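Peer 1: Using the sequences provided together with the hints, build the complete structure.
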Amino acid sequence: MKREAVTIGIALFVAALAGSLLIWFVGKSPLDVYALLLTSTWGTSYGIGQVLFKATPLILTGLSVAVAFKVGLFNIGAEGQLAIGSFATGLCGAALPAALPGPLAVALCVLAGMLAGAALAGLAGVLKTRYGAHEVINTIMLNFVASAVILWAGNAHFFVRYTTHTATISDNATLHHLGFAGSEANTSLVLALGLAAAVAYFFHRTRRGFEWRAVGHNPRAAQNAGVRIGSAVIGAMAVSGALAGAVGANYVLGYKSYYERGIGSGVGVMGIAVALLGRNHPAGIVAAALLLGTLSHGGLAVAEQVPKDLVQILQAIIILTVACVSVVRARRAHSAGAAA
Amino acid sequence: MTELLLSLVSLTFVMQVLRITMPYALAAIGGVVSERSGVTNIALEGILLMGAFGAAVGAYDTDGSVVVAVGYGVAAGMVTAALYAVAVVTFQADQIVSGVAINMLAYGVTPYLLKVFYNSSSNSPKIKGFGGKLFSNPVFWLALALMVVVQLVVTRTRWGLRVRAVGDNPEAAHTLGVSVNAIRWQAVLASGALAGLGGVWLVLSGSSFVAEMSAGRGYIALAAVIMGSWRPVWACAASLLFGFAEAVENNLQTYHLGIPNELIQTFPYVLTMVTLAGFIGRSRAPGALGRPFSAR
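From first to last, the protein sequence lines stand for chains L and Z. Using the numbering used here, the letters of the first sequence map in sequence onto residues 1 to 340. Using the numbering used here, the letters of the second sequence map in sequence onto residues 341 to 636.
One or more hints might be untrue.
[What the hints assert, rightly or not] Reference listing, derived: stretches of chain L covered by chain Z, where coverage requires no fewer than 3 residues with Cβ under 8 Å from a Cβ of chain Z:
1) 19-31
2) 142-148
3) 181-188
4) 243-255
[Stated by the list, open to error] Mimicking DSSO-like on lysine-lysine, the simulated pairs with C-alpha atoms at most 30 Å apart in a straight line are:
5) LYS455/Z - LYS28/L
6) LYS466/Z - LYS455/Z
7) LYS308/L - LYS455/Z
Honestly, the hints are just simulated from the structure, not real lab data. Please read these numbers as outputs of a predicted model, since none were measured by experiment. Built from N, CA and C at the ideal position, the CB exists for glycine as well.
Peer 2: Next up, the structure:
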């Protein structure tokens, strides 16, 4: 725990340093920009609400990446999975009869999103088990395919004329806002936290979760112990996709009230940083999502002063540093242990 | 329909295929060099993008000098590759995670600098004299020559043998006195130069830098590496197939055949998945691919 805190501390320090250089490069004062970033997020009630709003989908995509990681897989297709999931959520919400009770309507919409995400990611899982094709390349290719399919289906059937969004969802499927001075934070945060708890329970309290972790640690040993690798890989990819597919709850049911092309884009890639920073642990992921949610909303607030891409650069540096530092520290701990 | 088929055998079409193939092929032979040394190179995508950006900056500063564009682009590619090598060779960080981070970095740095240099978030200004004829473009001939050179270097030289040795069995190579990580550093840098040149080509044939213009080509090039079973010439052949697919896709969009354009655009991506599924297992990967090496 302490070791991980140090790793993350180093990563944040390196990112802050690199960020300072980039801010200084455009002729602004790093301290001013960082101060503005903090006050615009945690300084006001509205700011806190917006951070929670931004953190909600990050919890989901972070969990998505982490579940795949735990089983030794790298799902970088959360981007496409959340797009197709949000699209399905929007279509379901628009199609439901207005007489349906609210909780049922919400559940159906979220389920539709999760199923769509699971199907897309599951396909990459099948290609992996059946043909050995690397899930990294396939999930990226599926991102492009998902985006094209949505555009085609939307243009041909579902988008409101002359727009790239679907019809408005029925009222009973919309989620309540949490307050925070009119911010967009909504009850999908509860869903995200619930799913985080469910993932933690699954991996640490169930037999299947134990088997999946075994596949991640040592596939050959797991196979010898009778675990079916293929179904673990496909299952983990499907669960991973389902978690990303749930993102529509935040943006479609809790914010826009319709699916719009490009909604939530970037959140899938950020999930990788969230999972790495949170060390693939659900509690860590929630904390990391809050941190990156802060960066994400704060990045908008400082966009007047520095190009908004600063946030993406900082994330990439965080990922790179965590990847480097954790190896060095693990090796050092290992050799210290061997010497003792 | 006949009109479409006729267009596919014309000289214009052949030139179109070659033009599209070039960045795939350059990134793919770069990928071959890096992967034969044991380093998976997901970062090709980011290197392509940075190479393209470097080329645009160099060319714009000098009012369309191809030589400067190549110099800047290759340098940008090598700097990006060096950062990747620091992570995966020196620090032995996970290659997939680091590669994805490098790509994110490129996707963040290029629009950032685009905004700072040209006050635009979508593209650089047009560069004079770029986007012209294929065969009169010196970079085309340079790239063709490089494909032959890389094939010869990998299969016929002492350095190529060392690259293959540290990629297949680093422990054995180390025992024989080869510095595994030094060779890997050189191989990654070489792949940065080659993929960087691929990025230069994107700008040369398009006449300006457009945000995210690599558009997944680095990943497709990686599929071409696998399809070409980690051999430079065959990786080029696989790239030609992807170039052909993309050219056909472009033409299909102009001849309305009843297939929606949105779906036609997925052709190269779907082809990548299908070929990956078909070729993996049939081609043998370097023995130590993706495995970091530490002398201790």
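Peer 1: So, for every hint listed, does it hold in this structure?
Peer 2: How the hints compare with the structure:
Counting residues of the stretch 19-31 of chain L whose CB falls under 8 Å from any CB of chain Z gives 3; the rule of at least 3 is met. With 4 residues having a Cβ less than 8 Å from any Cβ of chain Z, the stretch 142-148 of chain L passes the three-residue criterion, so the hint holds. Look at the stretch 181-188 of chain L against chain Z: 0 of its residues bring a Cβ nearer than 8 Å to a Cβ of that chain, fewer than three, so the hint is violated. Three residues within the 8 Å Cβ limit are the bar, and the stretch 243-255 of chain L against chain Z gives 0, so the coverage statement is violated.
Between LYS455/Z and LYS28/L the alpha-carbon distance is near 15 Å, which keeps this suggested pair within the 30 Å criterion. Restraint check for LYS466/Z and LYS455/Z: the C-alpha separation of about 15 Å stays at or below 30 Å, so the hint holds. At most 30 Å may separate the alpha-carbon atoms for a hinted pair to count; LYS308/L and LYS455/Z meet this at roughly 10 Å.
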